[in-house]
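*Asks:* Residues per chain are reported as follows:
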Amino acid sequence: MPTQLINPMNEAPLRVSMPPARLRSLQGKTVGLLDISKTGGNLFLDRLEQLLRERFHVANVVRTAKPTFAKPAPPGIIEQLRTVDAVVEALAD
Amino acid sequence: MRYPSTVLDIGQTVPAIPGLDLGSDAALIVFFETDCPTCRLAVPYLNKLARGARVIGISQDDQAATNQFTQQLATAFPVQRDSGLALSRRFDLTFVPSLFLIDHNGRVLRSHFGFDKAVLNEIATQMRCPPVAEDFDGAPQSKPGCMSRHLEPKVEGEFGPAPPVSFSRGVPASVIEVPDGEDLFEYCFQAFGDALPVIPPTPERIASMLSGAAVNPSEVIARVPPCYGEATVEKIAANAVMAGCLPNMMRVLLPLVRAVCDERLNIHGVQATTHFAAPLVIINGPIRNELGFAYRQNTFSNVARANSTLGRALQLILLNIGGARPDAIDMSTLGNPGKFCYCIAEHEEANPWEPFHVERGFQRQQSALTLFAAEAPHGVSEHTARTPEQVLKSISYALATVWTYRACLGSEAVVVLSPEHARTIDRAGWTKLRAREFLFENTGVPVRAYDNAPDAEGSQLVSKYQEILIDGERCYQKFRSPDSIRIVVAGGTAGKFSAVIGSWAAGPRGSEMVTYPI
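Each protein sequence line maps, in turn, to chains Z and D.
148 is the number of the first residue of the first sequence in our numbering; add one for each residue after it.
4 is the number of the first residue of the second sequence in our numbering; add one for each residue after it.
These are calculated hints, taken from the structure and not from any lab test.
Hints are supplied without guarantee of correctness; some may be wrong.
Unchecked claim - Ranges of calculated distance between the beta carbons of each label pair, as one might list FRET restraints:
hint	chain 1	residue 1	chain 2	residue 2	range
1	Z	170	D	66	51 to 61 Å
2	D	337	Z	149	32 to 42 Å
3	D	87	Z	165	39 to 49 Å
4	D	455	Z	229	41 to 51 Å
5	D	304	Z	201	20 to 30 Å
6	Z	202	D	463	24 to 34 Å
7	D	467	Z	229	56 to 66 Å
8	Z	229	D	19	53 to 63 Å
9	D	193	Z	202	27 to 37 Å
10	D	125	Z	165	55 to 65 Å
Claimed, not checked - Over 12 Å on every C-beta distance to chain D, these chain Z residues come out as not near it, computed from the model:
hint	residue
11	200
12	211
13	223
14	240
We put the CB at the ideal spot given by N, CA and C, even for glycine.
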């Protein structure tokens with residue numbers, strides 16, 4: 148006779164979301180740059196913004212930062228980034 | 004703050020809702036999707052609001068899914084379907100849940116999308132109702148919503164079934180059948196838990212474990228970050244069985260799960276960080292002796308079933324329900340042996356001062372648990388000093404190295420004082436507060452330590468540091484205040500060994516210590 152066990156794991160299926168289609172070009176697009184507030188993130192994103200503008204001719208760059216790297220982004224930050232075509236996140240120091 | 008969730012502005016009249024008479028009162032119209040976790044999170048609060056105000060739910064899904072949603076969550080307000088998503092298009096929603104507070108003429112007084120406890124309480128006030136959301140009830144303070152159904156990309160088969168999550172009542176755990184001939188322990192070892200064998204969670208063992216909790220097994224105690232798995236009493240009991248707990252440990256485990264999901268502790272971050280942090284449990288009060296928690300020698304280690312199984316049960320819950328797998332979401336660079344088990348109790352009988360939980364605002368006879376996002380203990384040996392100053396000086400040198408030597412102000416520490424050290428300090432008439440203040444004033448990093456190290460961690464922040472003199476030397480003060488240093492008395496009565504335990508990123512922007520009654 149098979150032994151029965153009570154499942155101790157989380158059984159809620161994770162919500163699957165489709166990633167958006169990849170951009171074919173950055174030209175004329177708006178790119179969001181999210182700094183999670185770790186040391187050096189701003190240096191990385193400053194340089195990236197420069198490259199995006201000079202080499203990839205983006206129309207606009209939206210800079211935003213989490214109040215702390217230790218917690219998920221507050222809804223306001225996520226809303227701000229919903230308006231852009233692509234986001235780059237400076238994740239670590 | 005108003006987010007751009009809709010084109011409807013305050014003062015505009017909402018489109019007509021078929022079959023709905025707006026009546027003479029204000030009403031809150033809530034658009035939701037049945038598989039949106041944020042919508043589900045919001046329902047119990049809307050139920051509370053519906054006791055004293057008019058709430059109208061509008062489901063973006065079909066009748067079957069809507070019925071399942073309203074039954075599972077016991078919605079206490081009328082819900083109607085948005086057939087063909089016509090209303091959603093007319094309201095021009097972007098996200099769900101979308102909330103529209105309207106007056107008796109159907110004019111928008113305010114709108115909001117997503118879940119936010121503060122906003123819900125403000126809406127409750129506007130509708131002349133008492134607050135509906137408490138700050139630390141196990142649910143996050145706020146949570147973004149999902150894209151409105153009519154804006155979702157049309158991709159078939161890419162979305163999973165609606166997650167069966169609810170707030171107060173959870174879904175029963177499924178039953179797994181292990182075929183004859185399969186080694187049960189090996190099966191459990193592979194399927195559940197950490198990297199050690201576990202006791203198989205059979206229905207009989209779980210029934211016995213549940214006898215230790217006078218709570219409905221389907222009650223949801225909290226949602227465990229980072230995956231926000233639903234910690235029902237039954238799931239907690241299953242993990243307690245696997246960890247080897249006795250049924251009476253459910254008394255501690257239920258408040259412990261609530262506490263570990265308290266947003267101030269920020270277990271979401273603790274479980275995902277590259278740092279060493281693991282939640283340290285500190286037990287106080289009569290329950291120590293009732294359940295056999297070790298607070299004498301080896302309190303940190305392998306001496307007592309109570310400490311060992313409670314600590315491991317918490318870790319199994321964080322792994323199995325919270326989902327912070329050490330090979331995936333938990334990105335700790337080196338980890339921490341405390342991720343198997345990290346639970347001590349205070350040696351209150353050898354503590355010359357008030358017990359730790361009394362300092363945290365509880366009565367002495369009230370049992371309590373405290374959680375601290377902790378590094379591993381760092382031992383301090385001091386066998387020859389005979390004064391409080393000398394003992395505490397030795398401890399202050401270890402405190403100066405918390406996080407990293409040159410980094411000040413960002414962390415906190417727990418000092419686990421051995422009974423012998425506590426006695427030396429008390430014998431001279433010192434209070435615990437005086438000892439903490441002494442540690443605060445005498446823990447610093449010499450200014451010379453920053454010479455020729457402009458790039459070193461902590462060096463960039465010196466402009467924020469407070470310069471003080473310690474023994475005539477210019478130093479930067481290590482901690483923000485005496486409150487950054489907590490003293491707990493624990494351990495055997497022989498041996499002048501204390502320990503310093505550093506924190507993860509401390510404070511409201513990182514992790515704050517929490518204490519809950521048991």
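*Asks:* Look at each hint and say if it fits the structure.
*Replies:* Comparing the hints with the structure gives:
Take residue 170/Z and residue 66/D: their Cβ atoms lie about 39 Å apart, and the range 51 to 61 Å is violated. Residue 337/D and residue 149/Z have their C-beta atoms about 41 Å apart, which keeps the hinted 32 to 42 Å range intact. Checking the proposed 39 to 49 Å range against residue 87/D and residue 165/Z shows it is violated: the Cβ atoms sit about 23 Å from each other. The hinted window of 41 to 51 Å between residue 455/D and residue 229/Z holds, with their beta carbons roughly 46 Å apart.
Between residue 304/D and residue 201/Z the beta carbon distance is about 59 Å. The supplied range of 20 to 30 Å is therefore violated. Between residue 202/Z and residue 463/D the C-beta distance comes to about 30 Å, which sits within the given range of 24 to 34 Å. For the pair residue 467/D and residue 229/Z, the supplied restraint of 56 to 66 Å is violated, since their beta-carbon distance comes to about 34 Å. One distance hint, 53 to 63 Å for the beta-carbon pair residue 229/Z and residue 19/D, is violated here, with the actual separation near 29 Å.
Hint check: residue 193/D to residue 202/Z, Cβ distance near 50 Å, so the stated range 27 to 37 Å is violated. The beta-carbon spacing between residue 125/D and residue 165/Z, approximately 34 Å, falls outside the hinted interval of 55 to 65 Å. The claim that residue 200/Z is not at the interface with chain D holds, since no C-beta of that chain comes within 12 Å of its own (minimum 26 Å). Chain D leaves residue 211/Z outside its interface by the beta-carbon criterion, the shortest separation being 14 Å against a cut-off of 12 Å.
With a cut of 12 Å on Cβ distances, residue 223/Z falls inside the contact zone with chain D, its closest approach being about 7 Å. Residue placement check: residue 240/Z does not keep its beta carbon more than 12 Å from all beta carbons of chain D (closest about 9 Å).
Hint compliance for this structure: hints 1, 3, 5, 7, 8, 9, 10, 13, 14 are broken, all remaining hints hold.
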